[in-house]
Amino acid sequence: MDPKLLMCPASFACYLIYKRFEPNTISIHATLLFGVPALLVGRLSPQLSFLQQANAIVSYWGLVLAFTAIYRLSHFHPLAKYPGPILGRLSNIYVAYLTGRGDLHRVIRDWHDRYGDVVRVGPNELSFRNPDALQPIYGAKSMQKGPYYDTRTTPENITTIDGLRDFFVHGARRKPWVRAMNSSALKGYEPIVQMKTLELVEALSKRQKETIDISHWMGLFGFDIIGHVAFGHEFGLIKAGGDHDGLKHQVEGGIYAGAIISRTPWILPLLKQIPPAMEGLKVMRQLGVTLTQERTKRGSTSKDLIYFLTEDENAAESRVTLDEIIADGLIALVAGSDSSAAVLSHFCYFMLRHPECAEQLHKEIDATFPPGEDPLDFSRHADMPYLNACINETLRLLPGVLGGLQRAVKRGSGDATVGPYVVPEGTQVSVHTFSLHRDPREFAPLPDHFWPDRWLAQDTYVLPSGATVDKAHVTTNRTAFIPFSVGPQNCAGKALAMVEMRAVVCAVMHKFELRKAEGYDLDLWEKDVMDVYLTIRGKLPVILEQRQGR
Numbered sequence: 001m002d003p004k005l006l007m008c009p010a011s012f013a014c015y016l017i018y019k020r021f022e023p024n025t026i027s028i029h030a031t032l033l034f035g036v037p038a039l040l041v042g043r044l045s046p047q048l049s050f051l052q053q054a055n056a057i058v059s060y061w062g063l064v065l066a067f068t069a070i071y072r073l074s075h076f077h078p079l080a081k082y083p084g085p086i087l088g089r090l091s092n093i094y095v096a097y098l099t100g101r102g103d104l105h106r107v108i109r110d111w112h113d114r115y116g117d118v119v120r121v122g123p124n125e126l127s128f129r130n131p132d133a134l135q136p137i138y139g140a141k142s143m144q145k146g147p148y149y150d151t152r153t154t155p156e157n158i159t160t161i162d163g164l165r166d167f168f169v170h171g172a173r174r175k176p177w178v179r180a181m182n183s184s185a186l187k188g189y190e191p192i193v194q195m196k197t198l199e200l201v202e203a204l205s206k207r208q209k210e211t212i213d214i215s216h217w218m219g220l221f222g223f224d225i226i227g228h229v230a231f232g233h234e235f236g237l238i239k240a241g242g243d244h245d246g247l248k249h250q251v252e253g254g255i256y257a258g259a260i261i262s263r264t265p266w267i268l269p270l271l272k273q274i275p276p277a278m279e280g281l282k283v284m285r286q287l288g289v290t291l292t293q294e295r296t297k298r299g300s301t302s303k304d305l306i307y308f309l310t311e312d313e314n315a316a317e318s319r320v321t322l323d324e325i326i327a328d329g330l331i332a333l334v335a336g337s338d339s340s341a342a343v344l345s346h347f348c349y350f351m352l353r354h355p356e357c358a359e360q361l362h363k364e365i366d367a368t369f370p371p372g373e374d375p376l377d378f379s380r381h382a383d384m385p386y387l388n389a390c391i392n393e394t395l396r397l398l399p400g401v402l403g404g405l406q407r408a409v410k411r412g413s414g415d416a417t418v419g420p421y422v423v424p425e426g427t428q429v430s431v432h433t434f435s436l437h438r439d440p441r442e443f444a445p446l447p448d449h450f451w452p453d454r455w456l457a458q459d460t461y462v463l464p465s466g467a468t469v470d471k472a473h474v475t476t477n478r479t480a481f482i483p484f485s486v487g488p489q490n491c492a493g494k495a496l497a498m499v500e501m502r503a504v505v506c507a508v509m510h511k512f513e514l515r516k517a518e519g520y521d522l523d524l525w526e527k528d529v530m531d532v533y534l535t536i537r538g539k540l541p542v543i544l545e546q547r548q549g550r
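Residue numbering for the sequence shown follows full-length UniProt numbering, starting at 1 and increasing by one per position.
It is worth saying that the hints were derived from the structure and are not from the lab. Where hints are given, some of them may not hold.
Keeping only pairs whose Cα atoms sit at most 27 Å apart, straight-line, the calculated BS3-like set for lysine-lysine is [to be verified]:
id : residue 1 : residue 2
1  : Lys-511   : Lys-239
2  : Lys-297   : Lys-248
3  : Lys-272   : Lys-282
4  : Lys-248   : Lys-209
5  : Lys-516   : Lys-539
6  : Lys-175   : Lys-410
7  : Lys-145   : Lys-494
8  : Lys-303   : Lys-239
9  : Lys-175   : Lys-494
10 : Lys-239   : Lys-206
11 : Lys-363   : Lys-209
12 : Lys-187   : Lys-175
13 : Lys-19    : Lys-81
14 : Lys-206   : Lys-539
15 : Lys-175   : Lys-145
16 : Lys-303   : Lys-494
17 : Lys-272   : Lys-145
18 : Lys-539   : Lys-527
19 : Lys-516   : Lys-363
20 : Lys-363   : Lys-511
21 : Lys-248   : Lys-282
22 : Lys-187   : Lys-303
23 : Lys-145   : Lys-282
24 : Lys-494   : Lys-539
25 : Lys-516   : Lys-206
26 : Lys-527   : Lys-516
27 : Lys-175   : Lys-297
Could you build all of it, start to finish, from the sequences and the hints given here?
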């Protein structure tokens, strides 16, 4: 019997299995893609030559791909009515490629500008640019996390806190984090933030009038802070003046690899069989394991995250295991070291780009903290309008997480309503932060421009051009401002991040004038920012000069 006669129905059956069950284990991949066609060829046509058998198997693969492509591009697909790029509709590999390239945030924004508020960015995934989609997607008891988070597991098969789908389980694991980040705990972290901010200012003072990479120094600050807050550990990177053990490089390598793999989670079991492909993730994870194990053996000398996970009077009710503590410690290390450092680096860029804003901020800081007063008086930072306006504007244009956080309409739950749109079950959805924050319907005028005044309560506003506009013509939709996400699974460390950013901005701007290093093109900064779930950024060469009287 000609094996090609059976290849068509067999490949169609294979396609149906992948379509319905989306398997992600090596054994199933091997069975469907190699075992089935090899069995058909070997048993039914043993007289065929090796090349003929290989040709039949390749035909089988080609038919599986053809059936998949035809269905995904056809009018029969549940998402057929939603526009999007052809390559995105065909495969998640395209978005994985854009993630690896680093410009996914800009590409998806371009798609929204072209196609509208809802874009089909993957075969079964929609991206939204509409604040009305926030509550249906991220609100309490709304949607569970999507397959993007399937890779958030350790070799011991422990799911990290940011990968948990079940609301009850996530809520239980999150309770110690909430206690670790409440107002009482934050007061305990203030001396750490103060100490590390003073170390940063001192280190920068020693390098006045030199060309330095300010982004590098903000990264050192981020690691030193999270070392204390999460593990009670002193990395000492600021004092050392560098990341001599390659911590930042290890974490960035893990973030980069993880972001690409998360776009195609089915490939993870295959990559686990190729040790070099997983090296970045393994090194990053081992760092988290080492820090957590050392901290648990040492016991508590201060109330850090591990204390709230293990020794706090309410820790027993959460019943967090050691393996879960290790997994969550890694999340704290990655998110805590990167996000604030990225935003602080972006802030410095915007001050260089807009010296008139830096001048106005200097005036507010000088008025609040005259010579002789401590700019690290945390009780006054939240009441500085222009300081917070500048930080908010930085978070609007370049938040720590540029993309959308994926959720999914659970299979068997029926279709979901997201604003005016009906989303079929099994669909992954997200609200794209970068696009929403730059939507002229939500932030106007100048949605792409750094204009902190939009966050101030005024009757009239002065635009950077010098023109004045009435408040009726200024739109600042705070509901659409989501740098820390929204809902019960938002960023637990938001309050700490704000404390850190206000402290560093006040201290650095109180002490220094920032000047762009000669020969550096500021246009490169935003181009070099890479969206890999968190952000990887390039160098920002600056020269610091101590302000007169400081």
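Each hint, compared with the structure:
Taken as a hint, the Lys-511 and Lys-239 pair is honoured in the structure, with Cα atoms around 19 Å apart against an allowance of 27 Å. Between Lys-297 and Lys-248 the alpha-carbon distance is near 25 Å, which keeps this suggested pair within the 27 Å criterion. Annotation: proposed proximity of Lys-272 to Lys-282 holds, straight-line Cα distance about 10 Å (limit 27 Å). Distance restraint check for Lys-248 and Lys-209: the Cα-Cα separation of roughly 26 Å lies within the 27 Å cut-off, and the hinted pair is therefore satisfied.
With a C-alpha separation of about 12 Å, the suggested pair Lys-516 and Lys-539 falls inside the 27 Å cut-off, and the hint holds. Taking the CA atoms of Lys-175 and Lys-410, the gap is about 25 Å. The hint holds against a cut of 27 Å. As the CA atoms of Lys-145 and Lys-494 are separated by approximately 20 Å, the hinted pair is consistent with the 27 Å bound. Taking the CA atoms of Lys-303 and Lys-239, the gap is about 23 Å. The hint holds against a cut of 27 Å.
Simply put, Lys-175 and Lys-494 have alpha-carbon atoms about 15 Å apart, close enough for the 27 Å limit, and the pair holds. Distance check on the hinted pair: Lys-239 and Lys-206 sit about 11 Å apart at the alpha-carbon level, within 27 Å; holds. The straight-line distance between the Cα atoms of Lys-363 and Lys-209 is roughly 22 Å, inside the 27 Å bound, and the hint therefore holds. Taking the CA atoms of Lys-187 and Lys-175, the gap is near 19 Å; set against the 27 Å cutoff, the hint holds.
For the proposed pair Lys-19 and Lys-81, the alpha carbon gap of about 19 Å is at most 27 Å, so the pair holds. At roughly 20 Å between alpha-carbon atoms, Lys-206 and Lys-539 fall within 27 Å of each other, so this suggested pair holds. About 18 Å separates the Cα atoms of Lys-175 and Lys-145, which keeps this hinted pair within 27 Å; it holds. In summary, the hint linking Lys-303 to Lys-494 is supported, as the alpha carbons are separated by about 18 Å, within the 27 Å threshold.
Distance check on the hinted pair: Lys-272 and Lys-145 sit about 23 Å apart at the alpha-carbon level, within 27 Å; holds. Only pairs whose Cα atoms come within 27 Å are accepted, and Lys-539 paired with Lys-527 is accepted, the gap being roughly 12 Å. Of the supplied pair hints, the one linking Lys-516 and Lys-363 holds, its CA atoms being roughly 20 Å apart against a limit of 27 Å. Of the supplied pair hints, the one linking Lys-363 and Lys-511 holds, its CA atoms being roughly 12 Å apart against a limit of 27 Å.
The suggested pairing of Lys-248 with Lys-282 holds, with an alpha-carbon distance near 14 Å, which does not exceed 27 Å. Note on Lys-187 and Lys-303: the hinted pairing holds, with a Cα-Cα distance of about 11 Å set against a maximum of 27 Å. The suggested pairing of Lys-145 with Lys-282 holds, with an alpha-carbon distance near 24 Å, which does not exceed 27 Å. Our distance criterion of 27 Å between C-alpha atoms is met by Lys-494 and Lys-539, whose separation comes to about 25 Å.
This hinted pair checks out: Lys-516 and Lys-206 have alpha carbons roughly 18 Å apart, not beyond 27 Å. Distance restraint check for Lys-527 and Lys-516: the Cα-Cα separation of roughly 17 Å lies within the 27 Å cut-off, and the hinted pair is therefore satisfied. For the hint pairing Lys-175 with Lys-297, the CA-to-CA distance comes to about 23 Å; that is within 27 Å, so the pair holds.
Checked against the numbered hints above, the structure violates none of them.
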